[in-house]
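Peer 1: Below, each chain spelled out in residue letters.
Protein chains: 2
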Amino acid sequence: MSWTLATRTEKMNPSVIREILKLTEKPGIVSLAGGLPSPRTFPVDDFARACAAVLQHDGAASLQYAASEGYGPLREAVAAQLPWDVDPAQVLITTGSQQGLDLVAKVLIDPGSRVLVETPTYLGALQAFAPMEPVVQSVPSDDEGVQIDALARLAGSGTDKARFLYVLPNFQNPTGRTMSEARRAALVETAAELGLPLLEDNPYGELWFDAPPPAPLTARNPAGCIYLGSFSKVLAPGLRLGYLVAPPEIFPKLLQAKQAADLHTPGFNQRMVVEVMQGGFLHRHVPTIRTLYRLQRDAMLAALEREMDGLDVQWNRPVGGMFLWLRLPEGMDASALLALAVERNVAFVPGAAFYAGQADPRTLRLSFVTASSAQIDTGIAALADAVRALQERSTL
Amino acid sequence: MSWTLATRTEKMNPSVIREILKLTEKPGIVSLAGGLPSPRTFPVDDFARACAAVLQHDGAASLQYAASEGYGPLREAVAAQLPWDVDPAQVLITTGSQQGLDLVAKVLIDPGSRVLVETPTYLGALQAFAPMEPVVQSVPSDDEGVQIDALARLAGSGTDKARFLYVLPNFQNPTGRTMSEARRAALVETAAELGLPLLEDNPYGELWFDAPPPAPLTARNPAGCIYLGSFSKVLAPGLRLGYLVAPPEIFPKLLQAKQAADLHTPGFNQRMVVEVMQGGFLHRHVPTIRTLYRLQRDAMLAALEREMDGLDVQWNRPVGGMFLWLRLPEGMDASALLALAVERNVAFVPGAAFYAGQADPRTLRLSFVTASSAQIDTGIAALADAVRALQERSTL
Numbered sequence: 001m002s003w004t005l006a007t008r009t010e011k012m013n014p015s016v017i018r019e020i021l022k023l024t025e026k027p028g029i030v031s032l033a034g035g036l037p038s039p040r041t042f043p044v045d046d047f048a049r050a051c052a053a054v055l056q057h058d059g060a061a062s063l064q065y066a067a068s069e070g071y072g073p074l075r076e077a078v079a080a081q082l083p084w085d086v087d088p089a090q091v092l093i094t095t096g097s098q099q100g101l102d103l104v105a106k107v108l109i110d111p112g113s114r115v116l117v118e119t120p121t122y123l124g125a126l127q128a129f130a131p132m133e134p135v136v137q138s139v140p141s142d143d144e145g146v147q148i149d150a151l152a153r154l155a156g157s158g159t160d161k162a163r164f165l166y167v168l169p170n171f172q173n174p175t176g177r178t179m180s181e182a183r184r185a186a187l188v189e190t191a192a193e194l195g196l197p198l199l200e201d202n203p204y205g206e207l208w209f210d211a212p213p214p215a216p217l218t219a220r221n222p223a224g225c226i227y228l229g230s231f232s233k234v235l236a237p238g239l240r241l242g243y244l245v246a247p248p249e250i251f252p253k254l255l256q257a258k259q260a261a262d263l264h265t266p267g268f269n270q271r272m273v274v275e276v277m278q279g280g281f282l283h284r285h286v287p288t289i290r291t292l293y294r295l296q297r298d299a300m301l302a303a304l305e306r307e308m309d310g311l312d313v314q315w316n317r318p319v320g321g322m323f324l325w326l327r328l329p330e331g332m333d334a335s336a337l338l339a340l341a342v343e344r345n346v347a348f349v350p351g352a353a354f355y356a357g358q359a360d361p362r363t364l365r366l367s368f369v370t371a372s373s374a375q376i377d378t379g380i381a382a383l384a385d386a387v388r389a390l391q392e393r394s395t396l
Numbered sequence: 001m002s003w004t005l006a007t008r009t010e011k012m013n014p015s016v017i018r019e020i021l022k023l024t025e026k027p028g029i030v031s032l033a034g035g036l037p038s039p040r041t042f043p044v045d046d047f048a049r050a051c052a053a054v055l056q057h058d059g060a061a062s063l064q065y066a067a068s069e070g071y072g073p074l075r076e077a078v079a080a081q082l083p084w085d086v087d088p089a090q091v092l093i094t095t096g097s098q099q100g101l102d103l104v105a106k107v108l109i110d111p112g113s114r115v116l117v118e119t120p121t122y123l124g125a126l127q128a129f130a131p132m133e134p135v136v137q138s139v140p141s142d143d144e145g146v147q148i149d150a151l152a153r154l155a156g157s158g159t160d161k162a163r164f165l166y167v168l169p170n171f172q173n174p175t176g177r178t179m180s181e182a183r184r185a186a187l188v189e190t191a192a193e194l195g196l197p198l199l200e201d202n203p204y205g206e207l208w209f210d211a212p213p214p215a216p217l218t219a220r221n222p223a224g225c226i227y228l229g230s231f232s233k234v235l236a237p238g239l240r241l242g243y244l245v246a247p248p249e250i251f252p253k254l255l256q257a258k259q260a261a262d263l264h265t266p267g268f269n270q271r272m273v274v275e276v277m278q279g280g281f282l283h284r285h286v287p288t289i290r291t292l293y294r295l296q297r298d299a300m301l302a303a304l305e306r307e308m309d310g311l312d313v314q315w316n317r318p319v320g321g322m323f324l325w326l327r328l329p330e331g332m333d334a335s336a337l338l339a340l341a342v343e344r345n346v347a348f349v350p351g352a353a354f355y356a357g358q359a360d361p362r363t364l365r366l367s368f369v370t371a372s373s374a375q376i377d378t379g380i381a382a383l384a385d386a387v388r389a390l391q392e393r394s395t396l
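Chains as they are written, first to last, in full-length UniProt numbering: chain X, 1 to 396; chain E, 1 to 396.
To be clear, the hints were calculated from the coordinates, so they are not data collected in a lab. There could be a bad hint or two in this list.
Identical copies look the same in the list; a pair holds intra-copy or inter-copy alike.
[Claimed, not checked] SDA-like cross-link-like pairs, simulated, lysine to any residue; straight-line CA separation at most 25 Å:
#1 K11 with P111
#2 K161 with L123
#3 K11 with E249
#4 K26 with A299
As the structure is a prediction and not an experimental result, all values here were calculated from the model.
All chains, full assembly: derive it from the sequences and hints.
Peer 2: This is how it looks when you write it as C-alpha cells:
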C-alpha cells in the first residue's frame with residue numbers, strides 16, 4: 001500500500017518534551033521537567049459531587065450531542081469571570097486551550113504567511129501552528145516579553161503583514177516572566193497602529209503569588225485580539241476544558257473550524273465544571289493553589305541560592321505560574337547537562353526546545369509545581385552536582 | 001484591526017444540518033432530522049457508578065495531563081473488541097471519531113489532492129476534509145455503496161493518485177445502506193491492486209438488527225486501511241470518545257497531529273468508559289439499543305407503508321443503524337418539501353446536503369432513533385401530508 005503523506009507532515013515533529021518526559025519515568029527521579037499541575041490541587045471530592053449531581057439532574061442532556069459553541073451556562077460563566085465586558089456569544093468552549101491554538105492556526109495561517117512569537121515561546125503553540133505551515137519569526141524579547149521597537153520592524157505591511165503576534169503575558173511558559181503594565185500598554189497601542197492582531201494566551205494568569213498581574217491585552221482592545229483561557233491550571237487538566245474569546249469578525253470561522261474538528265467539547269465535562277463552580281468555588285479554591293505554588297517557588301529559590309553558590313548560574317524570580325528560567329555559565333549546554341542530571345535523578349527541559357529561531361543553548365526550564373518542596377530540595381542539589389560535573393568535564 | 005483570513009476558510013461553511021436542527025427547536029415539532037441517539041439508551045446510572053469509582057480509586061491520574069495516544073487500558077479494550085488482530089500500539093484515542101477525520105485530513109490531504117467519497121456521503125467528513133482543501137470526488141454508488149468499476153476509473157496513478165477513499169460500509173449515514181460481503185471483498189481487492197488507501201468509518205456497525213454485518217474492510221487488509229470507531233452510538237456521544245486504528249507507517253504522524261490538536265482526549269472520560277465496560281457491559285447493553293432501534297425502524301417502515309400509499313415515494317429498508325433514505329417523485333425537491341413539513345410540525349434533512357458532487361434533489365434522510373414510535377407515526381403522517389401539499393402546488 002502506498003500512503004502519500006501531505007507536505008505539511010514534514011513540518012510536524014514529535015515533541016522534544018514528550019521524549020524528556022519519558023526519562024522522568026525512571027523510578028526515583030525528581031522531575032522538574034513537566035508542566036503538570038500538582039495533583040494535590042485537584043478538587044477530587046468536589047468533582048465527585050458534581051458528577052453525581054449532573055448525572056442525576058441533567059443526565060440525558062449531558063450525554064447527548066451538543067452545540068459546537070459550548071454549553072450556554074459555561075459560556076456565560078466564562079464571560080462573567082473575565083475582567084472586561086465580554087458577550088457570551090463571543091466565547092467558544094474548546095477541548096483544552098491547545099485546541100484554541102489549532103483553530104486559530106486553521107483560520108489565520110496560510111502556508112508561508114508570517115506569524116510572530118516571543119523569544120522563547122510555548123512549544124505547544126509552535127506545534128499547533130506547524131501543520132498550517134507558517135514562517136514563524138521570533139521577536140527579540142527581554143525579561144518583560146517582546147520588545148516594542150523590534151515588533152514594529154517585524155510586523156510588515158500589505159500582503160507581507162504578519163498574521164498575528166502570539167503572546168503569553170502572565171508567568172510565561174517557559175520563562176515564568178510577566179509583562180509590566182507599561183509594556184502591555186505599549187504593545188496594545190503599537191499593535192493597533194500596525195493593524196497587527198494579537199493572540200493572547202493566558203493559562204496561568206490566576207496563579208499569581210503576591211498581586212494580580214496587570215489587565216489582559218484583550219481587555220484593552222477586544223476587537224484586535226483573540227484570548228485563550230483554560231480550566232487546566234485552576235481546576236484540572238484531565239477534563240480538557242479551555243475557551244477562546246474572539247471578535248464577531250472572525251468568530252464564525254473559528255466556530256466552523258471547531259465543528260469540523262470534534263463537533264463539540266464533551267458536554268458532560270462542561271456541566272461538571274459549571275456544577276463545581278457553583279457558589280464561588282474558584283474564589284475559595286484558587287487561593288489554595290497560589291499558596292502551594294508560592295511555597296514551592298520559594299523552596300526552589302532557596303535551594304538554588306544554597307546549591308548553586310559559586311557556580312555562575314543565573315535564574316529569575318517568577319511572581320506566579322509554574323516555571324522558572326535558568327541560565328548556565330558561558331560555554332555550557334543544557335542538553336549536555338540533561339544526561340548528567342538524569343544520572344543524578346533529576347530532570348528538566350533544555351530551553352532550546354522553546355525557541356522558534358536561534359536558541360540559547362545555556363537556558364533551561366524548571367517547574368516548581370509538580371514536585372514537592374522536599375523533592376525540589378533534592379532535585380536542585382542533584383542539578384547543582386550535575387553542573388559541577390559538567391564544569392569539571394569541560395575544564396579537563 | 002485588519003484580520004487576514006487563511007485562504008482555506010473560503011472552503012469552510014456553516015453546516016446545513018445545524019441550520020435545520022435550529023428549526024427543530026420549534027415547540028411540538030417531531031424531528032426526524034438529527035442523528036441523535038435516543039437518550040433512553042444512555043446508561044446514566046452506570047456512568048454515575050463509574051464516575052464515583054474512577055474519582056475514588058484513580059482521581060488524581062484521571063484529572064492530570066496524559067499521553068496523547070490515550071489511556072492504556074482503553075486502547076487495549078478497543079483492540080480486544082475489534083474483529084481482527086489489532087496491536088493496542090496502533091490504536092489512537094480521539095475526541096470523537098470526528099477528530100479522527102480531522103487528523104487524517106491533516107496527515108493525508110494536500111491542497112488540490114484528490115479524495116474519493118461515496119455518493120452520497122457523511123457531511124461531517126466533508127466538513128473535516130474541507131480545511132485541508134482537497135478536490136473531493138464522488139464515486140458513483142448503488143444500494144451497496146461504491147461501484148468497483150467506477151473506482152478503478154477514478155483512483156488515478158502517480159502524483160495524481162487519490163489520497164484515499166472514504167467509506168462507511170455499515171448502515172451508512174445518510175442512506176442507511178450496507179455493503180454486501182461480495183462488494184467488500186471486491187473493494188478491498190481492487191483498492192489493494194490500485195494502491196488506494198481506504199478510510200473506513202464505522203460508527204454504526206454494532207447497531208445491527210437481525211445479523212451482524214460482514215467483516216470490516218480493515219480486517220481484510222490492515223496495512224491498507226485506517227479504521228475509525230466511536231463510543232457515541234453504543235454508550236453516549238456527550239463524552240466525545242472515538243478511536244482510530246492505523247498502520248505503523250502513518251501512526252506516528254497521526255499521533256503528532258493529535259498532540260498538536262488537543263494534547264489528549266480527556267483522561268477522565270477514557271477511564272469512565274473503561275470502568276463502565278467492566279464485566280462485559282456492552283454485551284448486555286448494546287442488544288437493548290438494537291431492540292429499541294429495530295422497533296422504531298419497524299414503526300417508520302409501517303408508517304411509510306400506511307401514509308405514503310399512492311404518493312409514488314420510494315424508500316429503503318435499513319438493516320441497522322439510525323437512518324432511512326427516501327426519494328420523492330420526479331420533479332419534487334426535498335428542500336421545497338422541508339418548509340411545508342416544518343409547517344406541519346415534522347423536520348428531516350434534505351439529501352442534497354450529503355452530496356460532494358451533483359446532488360439528487362429528490363432525496364431526504366429520516367432518522368428513526370431520536371423520536372419515539374408514536375412520534376414517528378405522527379411525523380410520517382405529517383410528512384405525507386406535506387408531500388401531498390407539494391404535489392398539489394406543483395399541479396396547480
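Peer 1: Take the hints in turn and mark each one as holding or not.
Peer 2: Each hint, compared with the structure:
1. K11 with P111: both (11 Å within a copy, 15 Å between copies)
2. K161 with L123: within (23 Å within a copy, 35 Å between copies)
3. K11 with E249: between (29 Å within a copy, 17 Å between copies)
4. K26 with A299: within (24 Å within a copy, 60 Å between copies)
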